[in-house]
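Student: Below are the chains, spelled out letter by letter.
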Amino acid sequence: MIANTRLFWVLSGFFLVASIAYTIWSYVYYADAPSELQNELGIEWVGSIGLLLSSTLAALIAFYLGRLHKAQGAELPEDRLDSNIDDGDAEQGFFSPWSWWPIVLAAGASLLFVGIAVGVWIAFIGAGLTVIALVGWMFEYYRGNFAR
Amino acid sequence: MFFAGLFAIYFTLRSTSPEVWSQDSALLNIPFALVNTTILVLSSVTCQFGVFAAERLQPRATGWKISQWGMVEWFFLTYAMGAIFVTGQIFEYAELVHEGLTLASSSYGSAFYLTTGFHGLHVTGGLIAFLIVIATAFSVKNFGHKEATRAIVVSYYWHFVDVVWIGLFLVIYVLK
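One line per chain: the protein sequences are A and B, in this order.
Residue 102 in my numbering sits at position 102 of the first sequence, and the numbers go up by one each step.
Every number in my numbering is 1000 more than the matching position in the second sequence, counting from 1.
Okay, chain B solo, but in the shape it has when bound (with noise of 0.2 Å):
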């Protein structure tokens, strides 16, 4: 909901200045986005490997293989790209205020840095959270159904903020 308040901002603010829209957007360096984006899909798909180790209720790895990696390693992974989407995140932003489109330079700039902004904050919220899972992961003897629920839970939140994402990324990057 909160999201979609925020997609009603961009689309209201570009209905009224198509002109500034045209003129702005112009400067989005694509393929890195579209890099950005690759990652923090494919962190899902680690993020969901982490619930599958999971619900065989199997914190960490018992060899050296992929297919014998537990819960913390795949969260682990899954943080590292999370972090990276982050940082090319704030990477993209100082290129962008470098070019002069800042959150106070146009229409443009305020629904650019609002919608993807509060995007990067909910993905920080979630490596937070990934971080609480590994940790709980740690510190029980026996990894249970509620260490499990609670990976599951913490996946779902960034499924979510991924699907946000690829929203955000086809309005913005590719509809322009």
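Only chain A is shown next, with the shape it has when bound in the complex (with noise of 0.2 Å):
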């Protein structure tokens, strides 16, 4: 994590020294651009303000990782040298092995935006068949047999 932090870190800084860099290169080149292609300030601002944005959302990525890095308390295998593979065998996550809610979701948001465009009657049945898949989808595995 570490590494990770600090590879944000480089290329935060990196694309604020291309920013200035590209900043003053413009400046220099637009003395020699044709008058139709210039502007009062002689900047060329969609690359310096997009490479300037570049660095601030790598220092925001670094940051947050650095954050996320102090709050974990402990190092992650992938970090020690002395770790096996099957020290980061970490919980996946839950993932649904079949549903049909999202098939009727898909059926609702087709209704309500065809409604939209041909008749707004449609758009009502639409609106309740997308609520009813939702709180389907949402609710499939608290109730019945999977409740918990």
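Hint data in this document are derived by calculation from the structure and do not stem from the laboratory.
Mixed in with the good hints, there may be bad ones.
Pair ranges (Cβ atoms, derived) [claimed, not checked]:
{"id": "1", "chain 1": "B", "residue 1": "Gly-1005", "chain 2": "A", "residue 2": "Tyr-29", "range": "45 to 53 Å"}
{"id": "2", "chain 1": "B", "residue 1": "Thr-1102", "chain 2": "A", "residue 2": "Val-28", "range": "43 to 51 Å"}
{"id": "3", "chain 1": "B", "residue 1": "Gln-1023", "chain 2": "A", "residue 2": "Val-135", "range": "18 to 26 Å"}
{"id": "4", "chain 1": "B", "residue 1": "Thr-1062", "chain 2": "A", "residue 2": "Val-135", "range": "44 to 52 Å"}
{"id": "5", "chain 1": "A", "residue 1": "Ala-90", "chain 2": "B", "residue 2": "Ala-1135", "range": "28 to 36 Å"}
Short derived list, chain B residues pointing at chain A, Cβ under 8 Å [as the list claims (entries may be wrong)]:
{"id": "6", "residue": "Leu-1006"}
{"id": "7", "residue": "Ile-1009"}
{"id": "8", "residue": "Thr-1012"}
{"id": "9", "residue": "Thr-1016"}
{"id": "10", "residue": "Lys-1146"}
Keep in mind it's a predicted model, so treat the numbers as computed, not measured.
Cβ atoms here follow ideal geometry from the backbone N, Cα and C, with glycine treated the same way.
Given two chains presented individually in distinct reference frames, assemble the corresponding complex, making use of the accompanying hints.
Tutor: So, in structure tokens, the structure goes:
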């Protein structure tokens, strides 16, 4: 995790330097550009701001990973030299083996949008079916045989 | 990305017809929108307290004090504040339509209703998500990590929608 954090800090710094370099470079280059391509300040804003935002976003991920690393309390197995492969065998989460609800939800959403395009009364049926499908899907493992 | 596209629409139309902008944006009721914005931002705070309760695996209140509130109470409060925001937005739309600003009246109207309208739809979706989280908290005997994770994920969505609104508010109501 430390490696990931540092990689993103490096990326952030790189994009910051690149943004500054790009701004200066475009400023110098613009002096020779045809007049219809020039603006008052002589800076090409799209690239400068794009690179600056890349730097900010990389810093955001680096900060987040850093906080996550501090909060997790111990080193992950993949960060330790003395761990085995099966130490990283974490819980993968819960996956439904099968469910019909996504199809119902898709049908509901389709009817909803067909209704908006063709005739509004169909949209009400679609909205109702969408609500039923959403609740049905969300509560599939909360009721009946699977209730906890 | 979707909202970035909407912002792009707004700025492009604004740069091509600045006189429509200065004329139509004068119709906006800034103090009202500021109050509405404050309610939405505060709802993010109450939502986060709900997440803290969920991380304590405490679905419901253990007493009357606010510090004893569970996730359900905090999320109901968040839901109410989000609903007030949407209601306020509908009220604002009604006022603006009354003053002649509609989706079809000008490019400003189109940009305004598209950006704020799609944000309103996202808020409404978040409200439905809060209801589902609250309902699952009531339907389990043991509030576990699965339910807590669901609450946390919904809170991420809520904060995101809140941040988008702060951006929209700054661009539409402050910059004009």
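Student: Need the list of violated hint numbers for this structure, in ascending order.
Tutor: Result: hints 1, 3, 4, 6, 7, 8 and 9 break, sorted rising.
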